[in-house]
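If you want the building blocks of each chain, they are given just below.
There are 6 protein chains.
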Amino acid sequence: MPYINIKITKDGATPEQKALLIKGATQLLVDVLGKNPKTAVVVIDEVETDNWGIGGQTVTSLRKNK
Amino acid sequence: MPYINIKITKDGATPEQKALLIKGATQLLVDVLGKNPKTAVVVIDEVETDNWGIGGQTVTSLRKNK
Amino acid sequence: MPYINIKITKDGATPEQKALLIKGATQLLVDVLGKNPKTAVVVIDEVETDNWGIGGQTVTSLRKNK
Amino acid sequence: MPYINIKITKDGATPEQKALLIKGATQLLVDVLGKNPKTAVVVIDEVETDNWGIGGQTVTSLRKNK
Amino acid sequence: MPYINIKITKDGATPEQKALLIKGATQLLVDVLGKNPKTAVVVIDEVETDNWGIGGQTVTSLRKNK
Amino acid sequence: MPYINIKITKDGATPEQKALLIKGATQLLVDVLGKNPKTAVVVIDEVETDNWGIGGQTVTSLRKNK
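One line per chain: the protein sequences are A, B, C, D, E and F, in this order. Heads up: the first sequence runs through residues 0 to 65, numbered per numbering that gives the first Met the number 0. Heads up: the second sequence runs through residues 0 to 65, numbered per numbering that gives the first Met the number 0. Heads up: the third sequence runs through residues 0 to 65, numbered per numbering that gives the first Met the number 0. Heads up: the fourth sequence runs through residues 0 to 65, numbered per numbering that gives the first Met the number 0. Heads up: the fifth sequence runs through residues 0 to 65, numbered per numbering that gives the first Met the number 0. Heads up: the sixth sequence runs through residues 0 to 65, numbered per numbering that gives the first Met the number 0.
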């Protein structure tokens, strides 16, 4: 019955990669807690780098200054 | 004062349907808990089927295999 | 496949009221969008009034000043 | 280590404004709780006015009726 | 930079199991997307079975009827 | 109309500190985006250090190893 929300910056994750995230996150809940995978829900949010901040700066800005 | 977040797959819900979800969810909180509807906030997120998983598979994949 | 998160202040909602919220929110998604209720997930969060703000004030403070 | 999620209606917030939100929210956690800003994460979600409801009505509809 | 939120019913997950969820979820993002684990944040929410619904019923009720 | 969710580890934030977070977050949205503070909602979640991970480790574990 778990619900997992994964937020990542929008950087071109492919449908195959997203499918792997969903499969892996579901399996993790089965392996660690013995959860029933049938009702496990995973939602992936892809967030623009302008909309994601870490350390008080946007990811857009952090990448420019690298 | 309630806050309700509804996540659905992006399947062409119309503005009218979204308005009904917002109206209905707000009314539910009024009916069941006597909440003040004025400050009830509802946010609907529409999620691509590649980004939604259930039972370890993406909805995209589940629909193909139907 | 919808996921619904309902946040309310912790004010003694009974198990029966929570069951009605879960039933009602699920039915709303069935009625408005024709969603399959079997995989509809509803999660209710109850939040202390010290931890909920509206208009820049905590609910604790708003209730005192009423 | 705080995580802050800011949801606003999609109304043309500029990258500069988003950067100010991220900077300000991070600073707030430093000022009030002495949190380490380095691991503070801020995520901004911009939501269509059709998908945001208050008082049981969509923001789209509330703005029309003003 | 990913953020992962895992919601599970409150069923006595141990600190060791939670540590495994956090480690596993972080590793998943590294393996699939090459994300930097240092800034990966995982938050686990444990939800009372009265507050979790699936198929329109609370988990409390579903377990009783098994 | 903004909604802000602040997640922090449960470390004894006082009601006064929470009130300052709520006031400050609301004011930030007014200052940067000219939002109406009246309908701004802020919800603070306090999360056990066992349930919060960064860099693949729980905060509980990170603090022990300091």
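Calculated directly from the structure, the hints in this document are not laboratory data. Among the hints, a few may not be true.
All copies of an identical chain are treated as equivalent in the list; a pair is satisfied when it fits inside any one copy or across any two copies.
[Claimed, not checked] Below 16 Å or equal to it, Euclidean Cα-Cα: the simulated EDC-like pairs (lysine to aspartate or glutamate) are:
1. Lys63 to Asp10
2. Lys63 to Glu47
3. Lys9 to Glu45
4. Lys34 to Glu45
5. Lys65 to Asp30
6. Lys9 to Asp44
7. Lys63 to Glu45
8. Lys65 to Glu45
9. Lys9 to Glu47
10. Lys65 to Asp44
11. Lys37 to Glu47
12. Lys37 to Glu15
13. Lys63 to Asp30
14. Lys63 to Glu15
15. Lys34 to Asp10
16. Lys65 to Glu47
17. Lys63 to Asp44
18. Lys37 to Asp10
19. Lys65 to Glu15
*Is it within, between, both or neither when you check Lys9 against Glu47 at 16 Å Cα-Cα?*
For Lys9 and Glu47, the Cα distance is within 16 Å both inside one copy (5 Å) and across copies (13 Å).
*How would you classify Lys65 and Glu45 at a CA-CA limit of 16 Å: within, between, both, or neither?*
neither (22 Å within a copy, 27 Å between copies)
*Between the shortest in-copy and the shortest cross-copy C-alpha distance, which are at most 16 Å for Lys34 and Asp10: within, between, both, or neither?*
between (31 Å within a copy, 11 Å between copies)
*Within a copy, between copies, both or neither: where do Lys65 and Glu47 come within 16 Å Cα-Cα?*
Classified as neither; 18 Å inside a copy, 32 Å across copies.
*Is it within, between, both or neither when you check Lys9 against Asp44 at 16 Å Cα-Cα?*
both (8 Å within a copy, 13 Å between copies)
*Between copies, within a copy, both or neither: which fits Lys63 and Glu45 at Cα up to 16 Å?*
For Lys63 and Glu45, neither the intra-copy (20 Å) nor the inter-copy (23 Å) Cα distance is at most 16 Å.
*Under a CA distance limit of 16 Å, which applies to Lys65 and Asp44: within one copy, between copies, both, or neither?*
Neither. Shortest intra-copy (25 Å) and inter-copy (25 Å) distances fail the 16 Å Cα cut-off.
*Check Lys37 against Glu15 for me: Cα-Cα at most 16 Å, and say if that holds within a copy, between copies, both or neither.*
Result: close neither inside a copy nor across copies, 20 Å intra and 24 Å inter.
*With identical chains treated as interchangeable, where does the CA-CA distance between Lys63 and Glu15 reach 16 Å or less: within a copy, between copies, both, or neither?*
between (28 Å within a copy, 15 Å between copies)
*asked:* If the cut is 16 Å between Cα atoms, do Lys63 and Asp44 qualify within a copy, between copies, both or neither?
replied: Cα proximity of Lys63 and Asp44: none, with 23 Å in one copy and 22 Å across.
*asked:* As a check of your reading, is Lys65 near Glu15 (CA-CA no more than 16 Å) within one copy, between copies, both or neither?
replied: neither (29 Å within a copy, 19 Å between copies)
*Can you give me the call for Lys37 and Glu47, within, between, both or neither, at a CA distance of at most 16 Å?*
Intra 31 Å, inter 20 Å, cutoff 16 Å: neither.
Comparing the model with each earlier hint shows violations of hints 5, 7, 8, 10, 11, 12, 13, 16, 17, 18, 19; every other hint is respected.
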